[in-house]
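Asks: Once you've looked at the hints, dock chain B against the given chain A.
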Amino acid sequence: MAELRYDSGPGVGGMDGPAEPLPADPGAPGAGGPAEDPGTGLLDRAHALLAAHPVADGYSGLPWALRHLPWFDLELGESAVATDVPRMRQGHVGALFWALHLPEGLTGDRAVSATLEQLDLVKTVVRAHPDGLRLGCAPGPVTDVRHCGRIAVLPGPAGAAALGDSLGILRSLHGLGLRALTLSGASWASEAGLTRFGEEVLREMNRLGMLADLSGASADTLRRACAVSKAPLLCARSAARALRPHPANLPDDLLAALGAAKGLCLVPLTAEQTGPSVRDVADHLGHVREVAGAHSVGLSGTYDAGSAHPQELADASCYPRLIAELLRRGWSDTDIALLTWENVQRVLREADFTAREAQRRREPSTLTIAALDG
Amino acid sequence: MSSLEAARDLLREFPVADGHNDLPWALREQVRYDLGARDIAADQGAHLHTDIPRLRAGGVGAQYWSVYVRSDYAGDQAVSATLEQIDCVRQLLDRYPADLRAALTAADMEAARAEGRIASLMGAEGGHSIADSLATLRALYALGVRYMTLTHNDNIAWADSATDEPRVGGLSAFGRAVVREMNREGMLVDLSHVAATTMRDALDTTAAPVIFSHSSSRAVCDHPRNIPDDVLERLPANGGVAMVTFVPKFVLQAAVDWTAAADENMRARGFHHLDTTAEAMKAHRAFEESTPRPVATPATVADHLDHMREVAGIDHLGIGGDYDGTAFTPDGLSDVSAYPNLLAELLDRGWSRPDLAKLTWQNAVRVLGAAEDVARGLRTTRGPSNATIGELDG
Chain A
1 MAELRYDSGP GVGGMDGPAE PLPADPGAPG AGGPAEDPGT GLLDRAHALL AAHPVADGYS
61 GLPWALRHLP WFDLELGESA VATDVPRMRQ GHVGALFWAL HLPEGLTGDR AVSATLEQLD
121 LVKTVVRAHP DGLRLGCAPG PVTDVRHCGR IAVLPGPAGA AALGDSLGIL RSLHGLGLRA
181 LTLSGASWAS EAGLTRFGEE VLREMNRLGM LADLSGASAD TLRRACAVSK APLLCARSAA
241 RALRPHPANL PDDLLAALGA AKGLCLVPLT AEQTGPSVRD VADHLGHVRE VAGAHSVGLS
301 GTYDAGSAHP QELADASCYP RLIAELLRRG WSDTDIALLT WENVQRVLRE ADFTAREAQR
361 RREPSTLTIA ALDG
Chain B
375 MSSLEAARDL LREFPVADGH NDLPWALREQ VRYDLGARDI AADQGAHLHT DIPRLRAGGV
435 GAQYWSVYVR SDYAGDQAVS ATLEQIDCVR QLLDRYPADL RAALTAADME AARAEGRIAS
495 LMGAEGGHSI ADSLATLRAL YALGVRYMTL THNDNIAWAD SATDEPRVGG LSAFGRAVVR
555 EMNREGMLVD LSHVAATTMR DALDTTAAPV IFSHSSSRAV CDHPRNIPDD VLERLPANGG
615 VAMVTFVPKF VLQAAVDWTA AADENMRARG FHHLDTTAEA MKAHRAFEES TPRPVATPAT
675 VADHLDHMRE VAGIDHLGIG GDYDGTAFTP DGLSDVSAYP NLLAELLDRG WSRPDLAKLT
735 WQNAVRVLGA AEDVARGLRT TRGPSNATIG ELDG
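For the protein sequence lines, the chains are A and B, in the order given.
Residue numbers 1 to 374, in my numbering, belong to the letters of the first sequence in order.
Residue numbers 375 to 768, in my numbering, belong to the letters of the second sequence in order.
Only chain A is shown next, with the shape it has when bound in the complex (with noise of 0.2 Å):
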């Protein structure tokens, strides 16, 4: 029954649907809309797409943005951000991670605390929201919070500062909730590429089942991530660099190698990243599909991340819009279910499956960065 949740069958668009204009909307400004009328019927079918297979998110802003709020209620709706339930709702979003990013300039143990303090906010929020949001922080539990009508919510990413550069640091945010963390903004993962220390982080994540994100590391970086991580990487906040250039945007050539590699891009829902419309993310979407492959590209909305949205796609309500331009555009269901969901979850269930297998063969490295780095 749980289902229900999700369900927006035709004949209720009325109470359910966005409050700007439906792409089918023939206000809607040229500029922005598709460029044909994608009609009703593709919603509806968007909507009962995402009903079945919603979108796992891959990177919302959220503790950050309400980290200034006097207060906030994100089960009865919050216009101070573009992310809160009834929204998830209309938008179908299964699951997202929150980033637990933190601001330039703080680093070392500074970073540390600043994440510890993210991640009791990120419980504190859930836990204040026991009917849209609960945590989930491994494959399994994100299925059960699906199956319970709510969303689930992983902690992550956080930036490499968060480590404080200690191997037993990443293993207490691990056991704390973090799943992800980019690797970019330390002196072991940076324009050079992975140190010594940077790869042994790489490998306790690997056991520990947590993500490494590349998204705004260095084409180095990436290369030598794919060659030691014995898990799948996600960029998760990587458009195409051919249709748009931005320094997190990938070149083909890492788009391939990331394929390859069973990873995961996730393309950000930003006018910076994309552009300005729906059509330029579904460019984007379309040219990750076809360069990296079906199974290795996703949806990061980037809400409340500061970033300017492409029209229509405002907020996190706007994901039946994005997917009714993908229909028109003759996507499967097949693919559209993978970019929405199933590839996330795949990338979760591997990461799981590798941890597993690692704890066997591989004990807590204790391996210092003074040690390895010098």
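The hints are all genuine.
Going by beta-carbon spacing under 10 Å, a handful of chain B positions derived as facing chain A: (1) Q459; (2) D461; (3) Q465.
The set of hints was computed from the structure by calculation and includes no laboratory data.
Given the structure is predicted, the values throughout are model-derived calculations rather than measurements.
From the three backbone atoms N, C-alpha and C, an ideal C-beta is built for every residue, glycine too.
Replies: Chain B only, in chain A's frame:
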């Protein structure tokens, strides 16, 4: 049956739940957490006070492993190091599952006892470990830390230490908020190491029983690390537990005086009294040769327990050996295998078996359970606090 046999027999039923052991710090300092280099399943008598065979021989059934970090670690550095210490305990639990069992509750302690495993709990030693953040306090709780000593040897911004100059005069407003948040989480407030003013402020503030994880009686031996009688007298009303410690320089007046003279000797030669460099140790050894170190015994510790029992009552006593946290130990209590010697001494003094069961096990289990009960109540009435030291202490 000799009293030592009777002590061992008692410990089989009611093992020792010890309040403080610094094995994690010893592992950090000695081998940088390379647990393979100090396999505690084997005899580590050459390096440590603690290993599993000796814990077993000593009748230990529960241990608060201290996740202590140095109190001169500044701010967030202490937090980071505490996370590494917690990771060390978790690794010990993973490594020795047949002997150690993770314990987060009083019920876990009893389950461990029933299985014949050693319940392993964690205690943070000093409020510096949370760097003035209630969120970080909750993170430590979430990672399994079940008590926090409010200070270590140095004052912190919100609480005075017993071994530093008075500054706040007990607990500041933020310090009281920390105590209330600990109550709400179910983390025991540990008043070892803190100034008597801080003890009294904490007792005025707390809604849950407190502990002293490793402190003895100030009336018996006048050292600031020990508990004054007026504070011990408050334990029955509070429900708390004072866990007697063995450290000679806290429990034996002659050792207190000797330590003061030894420290003075170091300072006179231009060293800090805790300096452990080769030159400093040479100066220290020279002093030790000319002035023999007074020796404490199980009877010394029993003197404390007799007095504490008179003042606080049998329901408010426990044991906190501070093994691997102190260089010197009493003769007859030289490592974690020696607890039966203390119990034998108490049996000889006429302590009954039910009394000893309270001392070794029951009081420690009760106090954690009581903290859990208080937390369950408080969590329904108020949410987590994010008060800051800036807001409260200005």
